[in-house]
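Quick mapping for you: the protein sequence lines, in order, are chains A and B. Residue 139 in the numbering used here sits at position 139 of the first sequence, with consecutive numbering throughout. Take any residue in the second sequence, count from 1 to its spot, add 230: that is its number in the numbering used here.
To be clear, the hints were calculated from the coordinates, so they are not data collected in a lab. Ideal Cβ placement from N, Cα and C applies to all residues, glycine included. Where hints are given, some of them may not hold.
To be verified - Among chain A residues calculated to face chain B with C-beta under 8 Å, some are:
no.: 1; residue: Glu13
no.: 2; residue: Ser15
no.: 3; residue: Leu23
no.: 4; residue: Pro193
What the hints assert, rightly or not - Non-contacting residues of chain A with respect to chain B, defined by C-beta distances greater than 10 Å in every case (computed):
no.: 5; residue: Ala4
no.: 6; residue: Ala72
no.: 7; residue: Lys104
no.: 8; residue: Pro105
no.: 9; residue: Phe106
no.: 10; residue: Arg215
What follows is the residue order along each chain.
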Amino acid sequence: MSQAARILLVDDEASIQRALAPLLRSRGYDVAVATTGEEALAAVRSQAPDLIVLDLGLPDIEGTEICRRVRAESAVPIVVLSARGGESDKVSVLDIGADDYVTKPFGPEELLARIRVALRRVFSEDEMPGGRLQLGDLAIDYDRRRVLRGDEEIRLTPKEFELLALLMRNSGRVLTHRAILKAIWGPNAVNQPEHLWVLMGQLRKKVEPDPAHPRYLLSEPWVGYRFAIL
Amino acid sequence: MSQSFARRDALILALALAAIVAVTAAFRVGLHLTNPTTAALSYLLIVLVTAAASTLWAAIAASCVADLCLNYFFMPPFGTFTIADPQNWAALFAFLAVSVIASNLSAAVRDREREATARHDELARLFDLSRDILLTTDSRDAIPQLALFISRRFDLAFAAICLPRGSDWDVFDAGTLSVTLDPTQLSEAFRAADRALEFDARARTYAGHRTARVDGRTVHVVPLRLGTKPVGLLAAAGRAIEPGALDAIAGVSAIAIERTQFLEERKSAEIARRNEELKSALLASLAHDLRTPLTAIRVAASNLQASWLADSERRDQSDVILVEVERLHRLFQNVLDMARIDAGAVAAERQWVHPSEIFEAAREQVEQTIRDRPIEVVSESDLLVRVDPRLTAAALAHVLENAAQYTSGGSAIEVRLTAASDGLTMTVRDHGPGIGAGDLPHLFDRFYRGAGAARRVAGTGMGLAIARGMLIAEQGRIWAENCAGGGAQFSIVVPAESRPTASAEQTA
């Protein structure tokens, strides 16, 4: 991050913009704003932002539609602001290609954390998927397919390892059930979430100090799972 | 009715006797004919015509008279009832037998025809009754209506539907006659109907028919059955109706009663469904309308705590908070008003005000929304009106807010205030896209959002419904229309007393 990341803030509510823009600027981001979907799409082309914060309830274009159009031409991370309670909306934007979501009303730190995670993904994308990753107590060695908690090795089945590796590589970021199923079992398994529930149960038993109150492998109810930001 | 029948039969019998006399006279005096065969055939013709036109008894009476005439005038020795030739005894007896049997046959055919006509008539009445029942869609007074239909369609001076309610009876009666039914008798008939279900093939009725004597009148009581189970009783008086027909009426009535219950259930299910829908609509829009201001407030407040803000930015952040708190306050006020309107807790307190005061109060309430709109106000008369200023201003405020929200920024809003002797009229005209034809009928419904507007404009769909609710509390009206030159116009009318202002009085 040699130069400040540029964030495009898209929200039709003036108050949200007036509150969020100074917050983001204060953290060193370069902020551009848009109030409609058309403006946002134009800004994506003209300003090439490093990240988009997108409100789903825009007056002119559906949020999902904006995600789809942005994805069609760019891989820029999208963090969605959702005011509706509807989980299906979140899942569908995540499946279309949004990177994460925050539900209103959110606190500033929550949004900032999501933005950091999404940006880190961009700036670390070129790195090899191999190597060793240490998050909190947990260390994962992609090359040797080993997982350590502290000094103690945890024995995982291949599928458990894949799931943990996937979540840790995307630590802090929500992965939808669908995305996980597709990555581990293939595209035919996306409608069989029970595979995932069972596997997650097993993995938590091995990895979590207290499987009933997970601190690493967090559920996002109705949406997916997230490896805790540590 | 039976009396007029008897009179008609007597008349036909008299005509038949006259015809017999005429034939006798014509044959004996005019034609000097004495052939008994010719006379007998002529008499037989008269008897048959009588049988066809009237009752069996009239025909038999005519046969007997004809038989006597045949004997007296046409069988030797003439002029006496004595018969010389024994062969003529046989002829006379044969004539009587033939005429009686022929009369019988003819009368039987007539009876059958009469019965068929009666059935047809009964069927037509039943058809009319069932059509009446099917056309009844309001469940509230369907059962009194049913009694009325029965009494009207079957020419009954008294018809009553009796439905058991615990040990007591709900009696819905109709007709010109008033008969007080005895509940104990009804209960007894009902119990009997519950116990026995037999079909009497000859009378074509089911068991359970009763007749009661009330005030010297015969009242027929028939069980109303759904399937085999009695659900009530039908009482009828004023005209003799065949038991089979009564059964048929009772059957149709039972279906009508079941239909009524079904209609009622459907109505309450519909109301429950609508309430459920309204509730979820409210929750969804509240969720949206609460979360956005809360987010802005939360972020702005934490910004204010941070040390990195410049003074000017600090003011801006607190401004954000104030604006959003105001918005939340207004939302909260709307929810409260809605609840009060629902509970019927809005009462008008009228006082003398000038229309422009009402406009000023309304403008103040929605200052945030209409701040940057050019508003043109025309106040047409200088009368004071006696209205509830709070309710009227709140209603106008909602209409103004609505006009500002649903038209593009910068377009003008025109307000016209007219106080007249019969009340206050206020119109708000905008230059927006107008109101969609599909939206017009629902504009003032609770939580209704215009098609497409639901996404474009934030709102809960409460404003106009509240405006209407408040105006109803002071007998006012509100309606909307599209203007010929584009844009929409909302009109509010509050009936009220009016008087000139003090200053106008002084100058007068």
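Hints, verified against the model:
no.	hint	in the structure
1	Glu13	5 Å, holds
2	Ser15	4 Å, holds
3	Leu23	6 Å, holds
4	Pro193	26 Å, violated
5	Ala4	15 Å, holds
6	Ala72	22 Å, holds
7	Lys104	4 Å, violated
8	Pro105	4 Å, violated
9	Phe106	6 Å, violated
10	Arg215	25 Å, holds
Hint check: violations occur at hints 4, 7, 8 and 9; the rest are consistent with the structure.
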